[in-house]
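These protein sequence lines map, in sequence, to chains A and B.
Mapping the first sequence onto my numbering, position 216 (from 1) lands on 237, and the numbers just tick up by one.
Mapping the second sequence onto my numbering, position 97 (from 1) lands on 191, and the numbers just tick up by one.
These are computed hints drawn from the structure, not numbers from a lab.
These numbers come from a predicted model, not from an experiment.
Do not take every clue at face value.
What the hints assert, rightly or not - Straight-line alpha carbon distances no greater than 25 Å define the calculated DMTMM-like cross-link-like pairs of lysine to aspartate or glutamate that follow:
1. K254/B <-> E241/B
2. K114/B <-> E101/B
3. K238/B <-> E564/A
4. K238/B <-> E424/A
5. K170/B <-> D544/A
6. K136/B <-> E424/A
7. K212/B <-> E101/A
8. K270/B <-> E241/B
Claimed, not checked - A short, non-exhaustive set of chain A residues, derived as facing chain B with CB atoms under 7 Å:
9. V107
10. E424
11. G469
Glycine residues also receive a C-beta, built at the ideal position from the N, C-alpha and C atoms.
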Amino acid sequence: MERAENPFADAFEQSLQSAFRDAELEPSDSLWENIATAPDLESNSFEGSLRDIFSEAETKPNDEVWQNIAQNPELKGSLEQQMSGVFQDATLTPAPKVWASIEKQLHPKRFPKRVLWRIGGGVAASLLLVGGLWWHNNQSVNSTQDLAKIEELPQPCYETTQENHAAQNKVYFTENSVNENIDSSHISENQAKDIPSLIQKNGGQIAKPEIIIQDHLNQVDFVNNKNISSVLATASKSDEQSKQNSGTKVISGNNTNKSNAINPSREVEFLTPIQQIEAGLILAITDFGEPVLVLVDVPRIPQKTAKPKIKLVSFVGLSGYSETFKPRFQGNTSTISKAIQLGDTPFTDGLNSFDNDLHLALQDSTSNLQSFRYGIDFGLKFKNLLKKGTFSLVSGAHLTQTEFTVQSHFVRTTSAQAHTDRQQIVGNQLQNKSQLLSIPLQVVYTSGNSSNLGFRLGTGIETDFLLKNEWTHQNDELTYNLGTAQTVNFNYVLSGGLLYRIGNHVQLGFDIRQKQALNSTYDSEYLESKPLRVGFGGYLNIEF
Amino acid sequence: MPQRQDEERLISACCNGNRKAQKLLYDTYSPKMYVVAMRYSKTTFEADDILQESFIKVFNNLQKFKQDCPLEFWIKRIVINTALKLNRRKLDKAPMEDVTEMVNEPSEELTLSNFNFKELLKMIQNLAPRYQMIFNLYAIEGYKHREIAEMLGITEGTSKSQYSRAKVQLQKMLLKESKAVID
């Protein structure tokens, strides 16, 4: 386009400037070039319309005009363009504390979120509620639950979805609201205070979680009820008795956010399926950004266990007893003296021969009959036969030594044809020593609430075999066998006492024992034929 | 500024948690982004918060960056979004002024060659919060009024009118400063 000198150049420039200003256009170099050279500009383009204007104008702008327009700062850069240009390369150095704050909140190692959570080394909650869970689970008998420890987080937890603005804004708890959320009916305030604040409050982090004690037996779907949106950590109990379908100990975090936090129907993915977590801790964030800590309890399902296997335990031991039994006559028996015809015994005094009637009159008998019994015991213990306590069959071999001494007076009455009767009182002391072999056969029940102290009850039959029976007379002039002992005696035994367990295999016990003869022990006018022996003793049993 | 391959390596290292790489990325882009943050805030404290939160989001979501645009643009967008989010309350509370009164006031084009960016930054920070947002978005970031309206939840007409007012205020400040310099 030819550009000739134009006296109206100034006006033309101004009009062009105005045109560009109004149009908010930036005149670029290419625009001028297009206007100047392009032959077929579209008429609806700005360049085209200008071209049309120039082609119809009687005067055409010259180079100077174009240059002025092009170089006009008002056209070359509007306020917006100037501003943009000024700030385009502007820099300012932020304070070092900004990076320090950022660095604190950066994860030390970045893995794909799924991998991070699944390898159990990512974000997990920093809390361990062993005390509360131990207290809660110790209510059951024979509980051996062991709560898995939740590892402390090296870094604080974050809302995992960047778009979750609503939840992110709601995670800023005040201390009061957090404390109000703690369910004091299940966890004491002291225990709740022990739960550390997970992270700071002013950095997009979550505060202390709400504590929920969830009884899994009730099958309450706490996930939906509490709008769980993100599970940060789970830990399940490792006790074999409490586990049902859950796997091994789980300590991990889990990123579960998949959709908008406002939508409560979001799917929640758990590392361990929530239905299978029988017991444990679950730290999660709800859709509203509220942290919750759920303690899932072990169901108290009474189990019908198979009949316990009866366990036989043998034992041996030693025992010793002291027994006493009453004579038939006791104390001064003069009033009940009895004349016993002892028979005729002729004798002579050198001049005359006499017949002799010997009558025995028992006048006193003060001896207590004592027997000492000691020997070995052995038996079988039946464990798990009863719900509580054990039954045992006990036998043994004991030596019973019985001694008794009888003080007696004899009245000898003699009569002769030529003399009147003459009575003579003769005293004598008779001592009896006998030995018996006692074979007991008892059923014994032992039990006890304490781990060491218990009691024992026993009953059974004891058979005594006479081994030896001796009479010793002080006065050999007159001897008398006060009776014969039976060779075999059967007795009923009843015993009871305390026992003390030393370790798992040794028992030390003290019994009171009663032994009642079932058949005649002595064939004697003097002694009880079926004596009742009462005594006490002790025993030491060793199980193996 | 790192080349594209260097940028990819840097991004990869940052995603793997390499602290040095993260520091390098921060040192590379934070000076410019800090200016952006300053333009959207009133004080350095606010700007620090914007920058801190922005870079945390950057590092947390770096694996999502598809590299379909320069990293600087992506980071800048995060900074702007963060600034808008944090300042959204101020926008709601900004007083509404009479449109007719402001629009009719004549505007005078000024050259900014007499001002350095810190002075201009201060003027921008002195604008009312809403004007500050809209002015930044339109005049400096280059968004259209339709886009600004969507971002701020206002109508396009409101965006245009408020931008006009912002511009007039700024021009007054510029004129005042210019006359002060001349005097």
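Violated hints - listed by number, lowest first:
The structure breaks hints 3, 4, 5, 6, 8, 10, 11; every other hint is satisfied.
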